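Keeping the supplied structure of chain C fixed, place chain D upon it in accordance with the hints.
Each protein sequence line maps, in turn, to chains C and D. Here the first sequence is numbered in the working numbering, starting from 1 and rising by one per residue. Here the second sequence is numbered in the working numbering, starting from 1001 and rising by one per residue.
It is worth saying that the hints were derived from the structure and are not from the lab. Please note that a few of the clues may not be correct.
Going by beta-carbon spacing under 10 Å, a handful of chain D positions derived as facing chain C [stated by the list, open to error]:
#, residue
1, I1009
2, G1029
3, E1043
4, I1044
5, S1047
6, R1050
7, S1122
8, M1208
Since this is a predicted model, take the numbers as computed values, not measurements. Just so you know, even glycine gets a beta-carbon here, dropped at the ideal spot from N, CA and C.
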Amino acid sequence: MNELLPPCTHACPVKTDVRGYLAAVARQDYGEAYRLIRANNPFPSVCAWVCPHPCEDHCRRGDVDASLAIRNLKRFAVEKAGANCAETPRARNTGKNIAIVGSGPSGLTAAYDLANLGHTVVLYERNQALGGHFLTSLPTYRLPRENLQKDVEAILAAGIIVHTGVEVGRNITVKQLREEYDAVVIAVGLQESKELPLPGADHPDVLKALPFMRQANLGENPATGSRVLVIGGGDVAMDVARTALRLGAGQVTVICIEFREVMPAHTSEVKEALEEGVSLVNGYGPVEVVVDNGRLTGLKAQKVKSVFDSSGRFNPTYEPDVFITLPCDTVILAVGQGPGHEFINGSGLEVNARGLVIVDTTFLNTSIDGVFTCGEVLTGPGLAIAAVASGHRAAMVVKQYLNGGKWVTAETVQDTIGVLPSAVADRIPHHNRGEMPVLPAALRVQNFAPYELGFDEKTAIFEAGRCLSCGLGAQVFADKCAGCLTCQRVCPYEVPLVEGVARMPVEGCQACGICAAYCPAYAITVDNLNEQEIKAALTAQQSNTPLVIFTGQENRVDVLKSSDLMTVMIRVPTVGALQLEWVLSAFENGAAGVAVLGCRETSSRHYGGDGALKGMLARAKGLMVAIGLAPERLYYCLPEEDENMVPLLENFYRKLQLSSTKGVEQP
Amino acid sequence: MIIAQQKNIKDIAVMVEACEKVLLVGCAGCVTVCLSGGEKETEILASALRIMRKLAGKPLKTSTYIATRQCDPEFITPLEKLVGDADAVISLACGVGVQYLAEKYPDKWVVPAQDTLFAGGSTEHGRWDEKCGLCGDCILHRTGGICPVIRCAKSILNGPCGGSQNGRCEVDQDMTCAWQLIYERMKALGRLRDLTAVQPLKDWSKAMGGGPRRMLREDLMAK
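Excised from the complex, chain D in its bound form:
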């Protein structure tokens, strides 16, 4: 899932400081699961903004809405009336959701409440780790199910490098060397021999860098 983290409320407040009424739109998708933008967080943010503005002598009115997902246009269509009544929209979705709202309501000031961080998952309550670099050319079958593209600081495909010390990465002693993990897992699987093969060149044209990517399923699009 997409992991996102709420911005400092002061920064969010600045984005809407000229507004008298704002609509906060939460998302019941990834950001609910990573506890940053679901219904609960939406209400907390709305309440905190109201208090803040009340103390500043510029009361703020808020309304809230939780979209099933903000990354599908159908789910943000029902907001039309609420959006129309507000001076601005604060999206608690990831960056995708913010853009969908901005596209859907081009006349409205739409601002993000979150910093979209990475594609990952939880490892324990309150902790999320990045797991996928979204490179578009998955090689996990060659690396024991551990992604060197995102979990190795250098994204090297034939590791480890010389900076791997006692299983730790030289970039950060708290970071486990991804190639150490790959080695141990392949060893446990009896596939160490696979690692002696030089990895083929990776097709980075599928990764970000060439402009926004698009996926088409023509079979589904056939009219």
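Only chain C is shown next, with the shape it has when bound in the complex:
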């Protein structure tokens, strides 16, 4: 079976329904947004702060103006939803016991899934608290620990038994665990910082990134000199440098082999580090830690000629005889991570040359029957959300194993929607990406407090409304299509193709719903516009004479909650998609009035449809006159930017009540 996913979901290792939760944010349904975020990811609060968001890198809005600020919206949704999330129902106890080694993202995910499947899960963690790298490696200004705590507590609520302070390979072996449990999952991650074989690198003032961060995060304040030099070009190097600044280092420099434009660190991380006063030296590779009379005094580095070879592999070459020496008191190595080896002790587990556990990559089982692995110790360094995905996979294969077999399920082939055609991109209104407010650099280096302040509600709703709803567009019932060309003629994006019958290329369709509104044969349905729900809402209102409001998705309507108006609110992708039938249905089912809330071009998600809407409203009013309905009962409202719509609607409602007492209608 083939499944076409929007690029954001396709890029996400756990296939989060990004499009779904952004839409929920846009309509202020934060509980639903949270439910969707957590559906495939037991770390919603953590990822809301630290996910490197591959979804954003693939967002097709980037071809229009700028990709959606997805992670920032996730944070907004998670914070708005609070703790209002439904518990995942647990299966009946199976009587099977499973040991999980390690409590990072993959271990906790596997534990959570297996506990929900009804197994008894026992988690072994060498630290005194859970979270793995989330706990020990990420600086708190990027991940406030209460967020980690919140996710961990929700995971443990599935009934997981925890043994902290137990190091597998030292206090107990994998072999012993295997004898005690029906299955074992090793999820120890990559615990060791890589070293560099440089002269002088064994000096005690040459530190390694992970121990440095671990000490800093556990409040042990690692000692550094006033001049710190960090070697490495990734996000960890940025974390180390910025942490060193916050610990009081007077001067922090990052040196890396890569040139600025190809640094592995996220651009924003580099930018923020520079803002905070970190210096950056690109294109130099370390040659020697300079030690003078037993004191570390600097780092000698050689100028890089090229970083990658012709086949794109990391294979730096250097300019001969071009060296610099950077003075410093402390060197911190942030040049990658590898697995520790403690956990292997006494287990008989086979590992490869890189120290990674050898596994059957389909079934994740190691060289010992019933012992599985997941996360970075299996895959090597990667995204935390990829480790979560690996944890899900491990839980699935363990489930199969405990059921007495292993088999490959017929997996759905997942593909993604193609490139947004430039002709369509040119017709989409441009709107700036919502910017995350941050504390000034001078303030944020003073402590480890978080400096990203979060979206306000207005920014979040508007930002979520920028989503292109990729893949939720129009579908054609070919057997009903008359090939009349109406869809092609009304589409603001000129997407429909009519060759015999109409076809809506998914790459281009913007899911505005205008074609469906004007199709004379009801041959078009739009996934982004639930007609059944709309019809149900209209027929359910009955005789309590409410006001039916049709609004484009751009308009904020939460303010109506503070009003006494009895309203039925129906959101459509754009009011250009409004159908005359719905207006009539509202009146037929007892509406006192129908208000249509338009949207100014400055905030409109779609151009076009205005002319068609005006034509439809004119026809509606003419028809209302003919059948004896006062046309004043249909109100088109185009509020000014940021104008409060409540007084406008209340005024309309009062007029309706006056009209009805005067008996305006004459059939």
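The following block gives chain D in isolation, referenced to the frame of chain C:
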């Protein structure tokens, strides 16, 4: 295609004012394409009639059906039960469809919701123009693909007449003179010389006026 336009709803309502339940039958053919009688318009008309009658204190029940075409008897046969349950049938097809329904269901009051206008096509969204006079004796090969029979107000075959002014017809300044268009097209085709020939007399017996016309394909009818 046949272009049709819905009647004023008040006129339609009068036709069924004595009825308590009506069946509205749309057509998925020409009137769907010209946006006047497809499924969407059928539902709109049904809803509007119900509201109208509700306001008048005489509620009306409606049912709807969309025929693939109303101009073929096979497509209106499945309506039998729906027709039987209704006091009247409102056809949203062209006049052809109305008659087919009336013939098929001789005991039922069948009324038209549309005025059938002409044979034509769309020129832009929301605009349709008459293009063919259905004269039964096509001469478009002599007039550059532009029909003087229907597009010339006088239907003259050797135009233009003296009423052609600046390319416009004297009957209506908004109407382009068909013979001006014919002249320009023949000129562009390098066939102006063809227009110097006097057009032969046209056999108007093939046009309407001699009673309803019929076309037979005996090869297809052979048993």
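Task: List of violated hint numbers, smallest to largest - done: Hint 8 is the one this structure does not satisfy, whereas the remaining hints hold.
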